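If you read the sequences in order, they're chains A and B. Sequential numbering from 1 applies to the first sequence in full-length UniProt numbering. Sequential numbering from 1 applies to the second sequence in full-length UniProt numbering.
No lab work stands behind these hints: they were computed from the structure.
Subject to a maximum C-alpha distance of 30 Å in a straight line, what follows is the list of computed DSS-like cross-link-like pairs (lysine-lysine):
no.	chain 1	residue 1	chain 2	residue 2
1	A	K4	A	K72
2	B	K74	A	K14
3	A	K74	B	K14
4	B	K239	A	K2
5	A	K72	A	K2
6	A	K173	B	K146
7	B	K167	B	K14
8	A	K49	A	K14
9	B	K2	A	K14
10	B	K72	A	K239
11	A	K146	B	K239
12	A	K74	B	K239
13	B	K239	A	K173
14	B	K14	A	K2
15	A	K49	A	K4
16	A	K4	B	K14
Fair warning: this is a prediction, and the values are worked out from it, not measured in the lab.
There are 2 protein chains.
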Amino acid sequence: MKHKIFVVGMGPGKENMMTPQAMEVLEASDTIIGYPVYLNLLGEHFREKELLSTPMRQEVERCRMCFEEAGKGKTVSMICSGDAGIYGMASLMYEIGREYPEAELQVIPGITAANSGAAVLGAPLNHDFCVISLSDLLTPWERIEKRLAAAADGDFAIAIYNPSSHKRADYLKRACDILLDHGVEETRACGYVENIGREGTACEVCTIRELRDRTVNMFTTVFIGNSQSEIIDGKLITKRGYQV
Amino acid sequence: MKHKIFVVGMGPGKENMMTPQAMEVLEASDTIIGYPVYLNLLGEHFREKELLSTPMRQEVERCRMCFEEAGKGKTVSMICSGDAGIYGMASLMYEIGREYPEAELQVIPGITAANSGAAVLGAPLNHDFCVISLSDLLTPWERIEKRLAAAADGDFAIAIYNPSSHKRADYLKRACDILLDHGVEETRACGYVENIGREGTACEVCTIRELRDRTVNMFTTVFIGNSQSEIIDGKLITKRGYQV
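Please take these sequences and the hints and turn them into a complete structure.
Below is the structure:
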């Protein structure tokens with residue numbers, strides 16, 4: 001029989017936003033592996049499990065650890081915040097899984113920041129949309145730039161992940177400038193949410209011209225409306241097209 | 001005090017993929033309103049609630065019904081499959097809400113087909129991605145075409161909603177042709193999932209050349225990889241960029 005490994009999206013953090021399916025597989029696991037911050041978000045009743053981790057930037061080692069522990073006969077879950085398949089560990093697990101043919105992976109989806117952040121702001125992604133990360137740790141900046149330009153050309157609503165970090169303090173400004181250069185008007189309706197589904201959730205709506213000069217932290221998800229988006233009663237709304 | 005109305009994403013259908021938060025607000029509601037198919041997906045214990053509906057295409061009337069019922073002093077939930085804010089009723093609820101200033105809306109996010117379908121196929125959306133609906137009921141086809149072209153130009157992974165219907169039998173073929181015309185190579189890794197999170201879940205991986213000639217039904221979500229995507233052991237994988 002193959003060793004089963006679950007790659008689990010835990011949602012934004014609060015336990016009531018994690019699916020029962022995710023909860024079930026974590027409860028069925030002997031060992032839960034993840035980035036330390038995510039392990040700390042787990043409820044008290046998971047403290048009896050074997051909880052293993054590797055530091056930030058050691059994602060390859062963390063994934064490998066899952067297969068090694070599963071090889072000892074344990075049921076293993078790798079946890080990711082949000083959705084394991086959206087900027088999470090799912091694809092890396094499959095890549096490393098090539099070396100471990102006796103293991104079988106199952107991805108358990110979760111609520112990602114595009115969805116949970118959108119719900120806080122209103123309905124910014126209620127038509128065709130793009131999700132783009134501004135982190136250039138693993139992606140050349142030129143590719144990010146090209147995607148921002150294409151998103152503007154296609155008049156997509158956009159969710160931006162990783163809009164800022166210590167080293168990338170001006171990346172959101174650069175991203176806004178690319179969008180503005182590609183035809184997005186200065187009054188375009190935008191918004192951002194901090195600490196989605198955790199302590200201290202806060203959100204703000206503004207124009208892209210204002211957004212350009214805002215300072216956001218690394219726990220923020222940014223939303224850019226499409227050309228039809230509007231701010232209605234403080235909420236960022238991207239319409240489906242119904243005649244009201 | 002304002003009348004509270006919840007706009008609830010119920011996920012793909014199975015109760016174990018609906019968040020506890022969604023379950024809580026449905027349990028707290030006197031009245032649940034939704035498209036009949038979605039009401040039927042609710043568990044037995046919701047049968048005691050007042051369940052109201054309007055036929056397909058009467059979405060405006062369905063939304064208005066929420067505000068009218070809430071105005072009678074009831075706690076009301078509008079349910080949508082997947083996420084209420086992703087091709088769901090959230091934005092229309094805010095638009096109609098302008099006429100009902102005494103009502104307060106809260107969106108409860110859910111697992112949308114991009115996330116749940118991706119989990120079935122492996123990890124097709126594990127880098128920047130677009131979500132595009134091929135339904136031209138509310139969106140001019142030219143706009144859909146422009147977005148497909150932009151998605152190809154930006155080398156996004158793509159999730160396609162509503163790839164087909166009786167009246168739009170050839171839309172997926174047309175979409176593939178637009179992507180192929182915009183530089184997507186014929187061997188591009190793709191996949192599709194039918195009946196996600198419901199009875200009869202089925203999936204398939206293929207190239208875009210093969211996808212172009214497949215017949216899919218309206219309960220299918222289609223995934224197109226980006227130029228780096230690969231089929232690994234039958235799974236569709238879009239890489240993050242880690243050195244393995």
